[in-house]
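> Both chains are sitting in their own frames, so use the hints and assemble them into the complex.
Spelled out from the first residue to the last, the chains are:
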Amino acid sequence: MRNRLRVLRAERALSQAALAQMLDVSRQTVNAIEVDKHDPSLTLAFKISQVFGQPIEAIFAGLEDTGLDDAGLDDEDGANGGQEP
Amino acid sequence: MTDCDAEGGQAPHWFSPAAWQAGMRPQDLRNARVVNMWCCAWALAFVGATFLISRLQPTPIMGAVIIAVPLVIGVCTIRSYLRFLHQADELLRKVHLQGLGVGSGAAMAVGSTFLMAAPMGASALWGLTFALAALALSFSFSVLRAARRLNA
Numbered sequence: 001m002r003n004r005l006r007v008l009r010a011e012r013a014l015s016q017a018a019l020a021q022m023l024d025v026s027r028q029t030v031n032a033i034e035v036d037k038h039d040p041s042l043t044l045a046f047k048i049s050q051v052f053g054q055p056i057e058a059i060f061a062g063l064e065d066t067g068l069d070d071a072g073l074d075d076e077d078g079a080n081g082g083q084e085p
Numbered sequence: 001m002t003d004c005d006a007e008g009g010q011a012p013h014w015f016s017p018a019a020w021q022a023g024m025r026p027q028d029l030r031n032a033r034v035v036n037m038w039c040c041a042w043a044l045a046f047v048g049a050t051f052l053i054s055r056l057q058p059t060p061i062m063g064a065v066i067i068a069v070p071l072v073i074g075v076c077t078i079r080s081y082l083r084f085l086h087q088a089d090e091l092l093r094k095v096h097l098q099g100l101g102v103g104s105g106a107a108m109a110v111g112s113t114f115l116m117a118a119p120m121g122a123s124a125l126w127g128l129t130f131a132l133a134a135l136a137l138s139f140s141f142s143v144l145r146a147a148r149r150l151n152a
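Residue numbers (the working numbering), protein chains in the order written: chain A, 1 to 85; chain B, 1 to 152.
Just so you know, these hints were derived from the structure itself, not from any lab.
No false leads were mixed into what you were given.
Below 27 Å or equal to it, Euclidean Cα-Cα: the simulated DSSO-like pairs (lysine-lysine) are:
id	chain 1	residue 1	chain 2	residue 2
1	B	Lys94	A	Lys47
2	B	Lys94	A	Lys37
3	A	Lys47	A	Lys37
So the derived label-pair ranges between C-beta atoms look like this:
id	chain 1	residue 1	chain 2	residue 2	range
4	A	Ser49	B	Gln98	25 to 31 Å
5	A	Lys37	B	Leu52	43 to 49 Å
6	B	Gln27	A	Pro55	25 to 31 Å
Ideal Cβ placement from N, Cα and C applies to all residues, glycine included.
Pulled out of the complex, with its shape left as it was, chain B reads as follows (with noise of 0.2 Å):
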């Protein structure tokens, strides 16, 4: 008998939302509901602001103005995720921490990888944007590895 047979009911498959949010406390659950609006926010503000710098070739100030805020809104993001993971249940935050530190190591490696290519003729922004999605990406596989592992 499994561990959730013993719960009375079927578990869902791994890699679906609700196996994710089965057993999971309200608290957490509405943090991270927080944390994605504010990661949602943070993305459109980003996109909205190059497009609009691209596009209307603004004013220094009204550069800056638009500039500032994805600046605010990712601020905002940071503050929400860190009000996250203090008040996450204890392997919760243990499972988003590792997934931290993967992905701050991958990030690393890859930006160093194409630091020492520049001479070679590697785009510094190339750079820059393959560090910041290996971050993404091995964050993102660390925690499925780890929902994986422990959604039992």
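Isolated chain A (complex conformation) (with noise of 0.2 Å):
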């Protein structure tokens, strides 16, 4: 699942070990999310959507990014253009 955790971070300049610390995580779970590695669970999508104030949605791509949309499931608006996800 792709994300904007480390995007995110930088913004706020967080190092992955301090943000691991907020999310009562390892930081190489932090460091797995960000390179799309691991998918987090519900519990911490909803703790890193507390800490950066961003609803889940705003932070980890839906079903738009995933290829999904290429059955047509969701491609009315032909936000990505055609191009592979």
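See the structure below:
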């Protein structure tokens, strides 16, 4: 699942370790989420949402970025410009 | 710039204990140490009980008592490992559960192979031994691979 965690962290000048401490997870977990190697649990996603003060869907990619739009589920406005996600 | 550079430090080699412990929550480290201590106690009790039974030729009651010690320690080890898993960071839990899955599969594959080979003279004891070894090695390899992949 794609996400904007790294961007949001950089905007707030937070290190991975500092963010990990705020979320009560390991630094490896934060890193794994940032590089798309691990999808966070719903609980952790809500914690991340609270820390950055943004809704979950503003941080994590929805259906429009997962390739499901290729099946015509979500391409009414051509948001992806026909590009592969 | 790598993630570790961004954190202002040089990453230790993935195989070193420092790499495994860096970034882990203190709670996870503490629970992992408790599990390790129980594992060591279990191994020592197993070796001790095996030695005593083979050397002393104890009475059935005494033998049962000797066997019960590693059994009780084993149960305590499992309880401490469950506690570790319940309280672990979600990525750490995922890595360990994946390792347990791989290990169980490897043990079943090796064990069933020895069962099939039993009519050809394969020893059941060796089958059990190899199945346990396959479980331990597969679990360790799986966790090591995950540590190498995730310790960026």
